[in-house]
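Construct all of the structure, not just a fragment, from the sequences and the given hints.
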Amino acid sequence: MTVYKGYMKLIARNYKICLIYMMVFLGIAFIIMASTKERETNVFETHRFTVAVYDNDKTEYSKAVKKYIDDNHNIVDLDYDVEKLEKMMYGRSLDYVVTIPKGFGQALENSDYEKTKVDLIKAKNVSFDVFFGFGLENYVNTLVKLNDNLDDKSTVIQGATEIFKNKLEVEILKSNEASQTSDLYYFFRFLPMLFISIFGYIVGFIKITFKNQDLQNRCNVSGVSQRRQFLEILLALATFAMIVYAIVLAIGLTVFRSSLDSNIMVLHYIVNSFICLCFSVGIAFLVGSITKSYSGLNAWVNIFSNVLCFLGGVYVPMSMLAPSVRNISRLLPTYWYEINNNMIGTHTSFTASMTDTFIRNIGLQLLIMFVFISFSLIISRKISRYSK
Amino acid sequence: MKNIVEIDNLVKRYGDLIALDHLKLNIREGEIFGLLGPNGSGKTTTINCILSLLKYDKGNITIFGKDMSPDSTDIKKDIGVVFQNVAVFDALTVKENIDYFCGLYIKDKTKRKQYVEEAIDFVELNEYRKMRPKQLSGGLLRRLNIACGIAHKPKLIILDEPTVAVDPQSRNKILEGIKTLNKNGATIIYTSHYMEEVELICSRIAIIDRGVKIAEGTNEELKNLIKTGEKITVENVNVTAEQINKLKKVAYVYEVDLTADILKVSFSKADNNGANIINLINFLQENTIIYGNIYSVAPTLNDVFLEITGKEIRD
Amino acid sequence: MKHLLKYNFLKTIRDKELVFWPLFFPIVLCTLFYFAFGSSIGQNSKVDIDVAVVYEDNTVLSEGFEDFLERIDENIHSKHMSEEEAREALLNEKVSGIYHVGDSNNGLLNVKLQVLGNGYTKTVLKGYLDGYKNYEGMIYQVMKTDPSKLPELIKDLDKQIEVINSKSLGGKPLDPTIQYFYALIAFASLSGAYFGTEIIFGIQANISDIAKRNSVTPINRMKFLVSSLLVSVAIHFINILILLSYITFVLKINLGSSIGYMILFALMGSFVGISGGMFVVSFGKGSINVKSAILTIGNLLLSFMAGLMVDGVKAFIEINYPIINRLNPATLITDAFYSIATYGSFEKLKVYLVTLTLEVLFFLMISFFNIRRKEYDSL
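Residue numbers (the numbering used here), protein chains in the order written: chain A, 1 to 388; chain B, 1 to 315; chain C, 1 to 379.
Don't read these hints as lab results, they were simulated from the structure. Treat the hints loosely; a few may be bogus.
List time: in silico SDA-like cross-link candidates among lysine to any residue, alpha-carbon distance up to 25 Å [said to hold, decoys possible]:
id	chain 1	residue 1	chain 2	residue 2
1	B	LYS153	C	PRO218
2	A	LYS165	C	LYS133
3	C	LYS159	A	ASP151
4	B	LYS223	B	ILE278
5	C	LYS167	A	TYR54
6	A	LYS165	C	ASP146
7	A	LYS292	B	ASP90
8	A	LYS87	C	LYS348
9	A	LYS5	A	ILE243
10	A	LYS115	C	GLU162
11	A	LYS115	A	ASP151
12	A	LYS5	C	LYS94
13	C	LYS94	A	ASN342
14	C	LYS159	A	ASN147
15	A	LYS153	C	TYR140
16	B	LYS155	C	THR217
17	B	LYS24	B	ASP78
18	A	LYS87	C	PRO322
19	B	LYS179	B	LEU200
20	A	LYS66	A	GLU83
21	A	LYS9	C	ILE294
22	B	LYS249	B	ILE232
23	C	LYS155	A	ASP148
24	A	LYS153	C	LYS16
25	A	LYS165	C	LYS144
26	C	LYS223	C	LEU10
27	A	LYS165	C	GLY102
28	C	LYS16	A	SER293
29	A	LYS84	C	PRO322
30	C	LYS167	A	TYR113
31	A	LYS117	A	GLN106
32	B	LYS107	C	LEU229
33	C	LYS6	B	LYS223
34	B	LYS95	B	ASN126
35	C	LYS159	A	ASN72
Here are the computed distance ranges between Cβ atoms for each label pair [as the list claims (entries may be wrong)]:
id	chain 1	residue 1	chain 2	residue 2	range
36	A	PHE370	B	ILE18	56 to 64 Å
37	A	ASP77	C	MET143	33 to 41 Å
38	B	VAL164	C	MET1	29 to 37 Å
39	C	ILE324	A	PHE370	40 to 48 Å
40	C	GLU88	A	PHE370	33 to 41 Å
Every residue, glycine too, gets a C-beta built ideally from N, C-alpha and C.
Below, the structure is given as structure tokens:
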């Protein structure tokens, strides 16, 4: 087990670098979680857009419209500074700008439909406009219809308020869906980024150290076969991976212990994330086989990490990707990992068919991992055979 | 003959470790000065101090009569250095490497071109001029390393263990080359832990150990410092302890060493007439001792080192 | 100096690892971003929603509800199903919800929604049903106060007037996905740090043998530094220009029309990256492996904070720790490119230019200070 011990010693001696990478990537993961969770919510009762409202009319009707928006979304008080508003929309800290023009209320009262309009500016790529645009349109149309059909105009606004106060009750058929996505879902969602980056950099860094030609030659002429050397290296990486996994899992489960309740399928998370660990090590091994320098390592780790995480639905929801792209995503282990993670995050238990799907997706992840390891074995052999 | 380099009372500490302990050396113009000592004795530290790369705690160093400092560009332009580690650019060819380093000293393009060609000829790297360092063997790489250090024809050349890990053919070429450089007017400081090299080419030698100069002089002067005049080795010999005791009483014998079937007898005076070996042969015959080969060697610098310090240079 | 420039250029340009990667991987990532988001750049994201519609026995007035659905959202795909089929489809998540449609006695359909749980699509279905249910509310209100108006109300019930004027703010509003490309340009710029490593390597005698050899020559070390710096900036700057050209002309993503400013910030970006690398490596003797690791992780962290991986991070930092965005060179570069694309005027770019210049000067000054020592305590 000389090669195994050698690698473990090398990893141990560079523990500082390992720690730096681990802490930084954990920090990155936590920041991403915090910022993503704020934007993505799966609880439909509470989704509220950020809206800036400018009431240039200041009539009862315009105030009613503003109040409707305030009741259902978050109004921010901002000066009308085009540059600032544009930047906020670009930075996704503002979703809509509503301007109620002067004369709106009078036009509505006079049934002058051409002039009964509000100006709406939507930030690009706002998803699900039904939450806001449709609702606003609905409200103003309700005011119009009540105004047209009620003689006593003083009751129009009150009537509209009463109508919109009635919230529809929706029957939920089964209760194996989680009522709220837990923090653990987000933690495990970003785990591929964490693992691929950590292992990619550390394993790559160690393999670069071993890339010294004389060292390689010495290993190649030793009494240990190449296959055995390869297996021992893999074992060393697996040992290291388990240590990192234990630390990361301990940190995650500790920080998010408040999320742990009987409704959370922790075991499924752990199993799925363990498979993620496996394929991340496989990817790291491939990266280590093809890099010779730090700038190269930096490039490859970033390419693998970003390709796998973007296309796999780690950074952005799958819905944001073009359908043709999603077809390519199916070739990636992160895609199947996220499918499983989404399933776990949105349910409190699995049906039999869901369990089958879960296991199948795990199998796919492992299959792709073996492909990565095979590639790296081939590449390593080619490099050692044809090197100077 | 004037001193080119004067090192006076040099002290260098690394924490509690004294790397150079009040070292005093004078290197004369036109000589090949050898700095001999085992690994870790302070040879490279001395060189780095001379070149003002290392800060030292005490002492004074002058080169060409001037105090040496990092900013002494007028001194540096006449110094050529060949460091122990090969320091060339992997991305440049042999010729480009030599041209680059030569160009740091010689501004004139025509002159530089001529010097570079001469340097390539000198180290016999003509066939390899377009190759990159990675394509060269260890010996050729060392030759390139030397060429980069001497291409600008400096007055003072410092070579720090230039033949480490070099094949015998390349080593001979390097040593011959150094002698030629000296013949052409360069003063040379040569450090090594290979006593054979130092004995072969150096006119004066200083032996240092643990930062202290333990002996200095020409080859002969150093050997005269020690008791051993001649060492005679007898191989395939079968001798009893009693016979060894008797042998010790033979004229001028001061030490007898038997290891397996090899007998080494040290005589205290160098033998010019072959008397020592004749005396030994007579002894062996008188005592009916059967033996194989018998030969005599003059004492080496290793013997000098051994007698003074009690250990081998290679320990 | 010419001699130094010539050979610095040769040895740098021939170092494939050094020159190639900072060019190659941003191009690969750009292409990835383009294919991942490209088709959606400039378009709103829409999601198809499948919903089952189950009609209770004897339902007569069915057309109104489906017309209503089709009218409000072309991405809603409704399918007639039986009760059992709909339940099966819902449990297997083939549909996002079931609308149960039945007759009521108020002239409207009685519609109920059944879902499996929460989620955007379920909320959309609920939202639309809310809209439909408002009709009931209106009928009730009118009935309460003015029953004679009821027939007229019902006649015009699902007629919606256009009450929203869609507008833009002015300037050139940008698609937020373009910020990934800006963050990538910033990341590529900061990758010049590896050039900075090579520069210090050639000068610090306690780090490399080449530097030792250079140190014993009569050439002032500032000359070594300046010549290496100029060559590195020139090469890395060309790398960034190639990247910008690729984004603009091959991927056809509009980064703005002010080419002069783009070139200026490409140059500043190169300077910042290289001087940043010099800054980190110039400290102490330390292992080069550790320093390279710090550079790698530092670049990634700065670019991440500028929105390389997830766009919400930059806004998150702006809200909670805005000083980081003011100083982070990656954020300054992305903001500069944003301003170039949106406004194209120098006024907006001044603050970024000044801050980046000050950072470059700071990095260079500290680097010079750290490497000024020509004698070392140990080698």
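Each hint tested on the structure:
1. This hinted pair checks out: LYS153(B) and PRO218(C) have alpha carbons roughly 14 Å apart, not beyond 25 Å.
2. Our distance criterion of 25 Å between C-alpha atoms is met by LYS165(A) and LYS133(C), whose separation comes to about 12 Å.
3. Among the hinted pairs, LYS159(C) with ASP151(A) is consistent with the structure: their alpha-carbon atoms are about 20 Å apart, no more than 25 Å.
4. Between the alpha carbons of LYS223(B) and ILE278(B) the distance comes to roughly 23 Å, so the proposed pair stays at or under 25 Å and holds.
5. Restraint check: the Cα-Cα separation between LYS167(C) and TYR54(A) comes to about 14 Å, which is no more than 25 Å; the hinted pair holds.
6. Of the supplied pair hints, the one linking LYS165(A) and ASP146(C) holds, its CA atoms being roughly 21 Å apart against a limit of 25 Å.
7. A distance of roughly 15 Å separates the Cα atoms of LYS292(A) and ASP90(B); the hinted pair therefore holds under the 25 Å criterion.
8. Distance restraint check for LYS87(A) and LYS348(C): the Cα-Cα separation of roughly 12 Å lies within the 25 Å cut-off, and the hinted pair is therefore satisfied.
9. Our distance criterion of 25 Å between C-alpha atoms is met by LYS5(A) and ILE243(A), whose separation comes to about 16 Å.
10. The hinted pair formed by LYS115(A) and GLU162(C) meets the criterion: a straight-line CA distance of about 10 Å does not exceed 25 Å.
11. Distance check on the hinted pair: LYS115(A) and ASP151(A) sit about 21 Å apart at the alpha-carbon level, within 25 Å; holds.
12. Proposed proximity of LYS5(A) and LYS94(C) is contradicted: the alpha carbons are some 53 Å apart, above 25 Å.
13. At most 25 Å may separate the alpha-carbon atoms for a hinted pair to count; LYS94(C) and ASN342(A) meet this at roughly 16 Å.
14. A hinted pair counts as satisfied when its Cα atoms are at most 25 Å apart, and LYS159(C) with ASN147(A) qualifies at roughly 15 Å.
15. For the given pair, LYS153(A) sits about 16 Å from TYR140(C) by alpha-carbon distance, which is consistent with the 25 Å threshold.
16. Between LYS155(B) and THR217(C), the direct Cα distance comes to roughly 14 Å. Compliance with the 25 Å bound is thereby established for this hinted pair.
17. Annotation: proposed proximity of LYS24(B) to ASP78(B) holds, straight-line Cα distance about 22 Å (limit 25 Å).
18. With a C-alpha separation of about 14 Å, the suggested pairing of LYS87(A) with PRO322(C) holds against the 25 Å cut-off.
19. Taking the CA atoms of LYS179(B) and LEU200(B), the gap is near 10 Å; set against the 25 Å cutoff, the hint holds.
20. With a C-alpha separation of about 23 Å, the suggested pairing of LYS66(A) with GLU83(A) holds against the 25 Å cut-off.
21. A distance of roughly 21 Å separates the Cα atoms of LYS9(A) and ILE294(C); the hinted pair therefore holds under the 25 Å criterion.
22. Distance check on the hinted pair: LYS249(B) and ILE232(B) sit about 15 Å apart at the alpha-carbon level, within 25 Å; holds.
23. Proposed proximity of LYS155(C) and ASP148(A) is supported: the alpha carbons are some 13 Å apart, at most 25 Å.
24. For the given pair, LYS153(A) sits about 78 Å from LYS16(C) by alpha-carbon distance, which is inconsistent with the 25 Å threshold.
25. Restraint check for LYS165(A) and LYS144(C): satisfied, since their Cα atoms lie roughly 17 Å apart, inside the 25 Å limit.
26. Distance restraint check for LYS223(C) and LEU10(C): the Cα-Cα separation of roughly 17 Å lies within the 25 Å cut-off, and the hinted pair is therefore satisfied.
27. Taking the CA atoms of LYS165(A) and GLY102(C), the gap is about 24 Å. The hint holds against a cut of 25 Å.
28. For the proposed pair LYS16(C) and SER293(A), the alpha carbon gap of about 10 Å is at most 25 Å, so the pair holds.
29. Using a Cα cut-off of 25 Å, the hinted pair LYS84(A) and PRO322(C) holds, with the two alpha carbons roughly 15 Å apart.
30. Restraint check for LYS167(C) and TYR113(A): the C-alpha separation of about 18 Å stays at or below 25 Å, so the hint holds.
31. Of the pairs offered as hints, the one joining LYS117(A) and GLN106(A) holds, with about 11 Å between alpha carbons and a cut-off of 25 Å not exceeded.
32. In summary, the hint linking LYS107(B) to LEU229(C) is supported, as the alpha carbons are separated by about 22 Å, within the 25 Å threshold.
33. For a cut-off of 25 Å, the pair hint linking LYS6(C) to LYS223(B) is broken: about 52 Å separates their Cα positions.
34. For a cut-off of 25 Å, the pair hint linking LYS95(B) to ASN126(B) stands: about 9 Å separates their Cα positions.
35. For the hint pairing LYS159(C) with ASN72(A), the CA-to-CA distance comes to about 24 Å; that is within 25 Å, so the pair holds.
36. The hinted range of 56 to 64 Å is satisfied by PHE370(A) and ILE18(B), whose Cβ atoms lie roughly 60 Å apart.
37. Remark: the range hint 33 to 41 Å for ASP77(A) to MET143(C) is upheld by a beta-carbon distance near 39 Å.
38. At about 35 Å, the beta-carbon gap between VAL164(B) and MET1(C) stays in the expected band of 29 to 37 Å.
39. At roughly 42 Å, the beta carbons of ILE324(C) and PHE370(A) sit within the given window of 40 to 48 Å.
40. Under the hint 33 to 41 Å, the C-beta atoms of GLU88(C) and PHE370(A), about 36 Å apart, fit the expected range.
Of the numbered hints stated above, those contradicted by the structure are hints 12, 24, 33, listed in ascending order.
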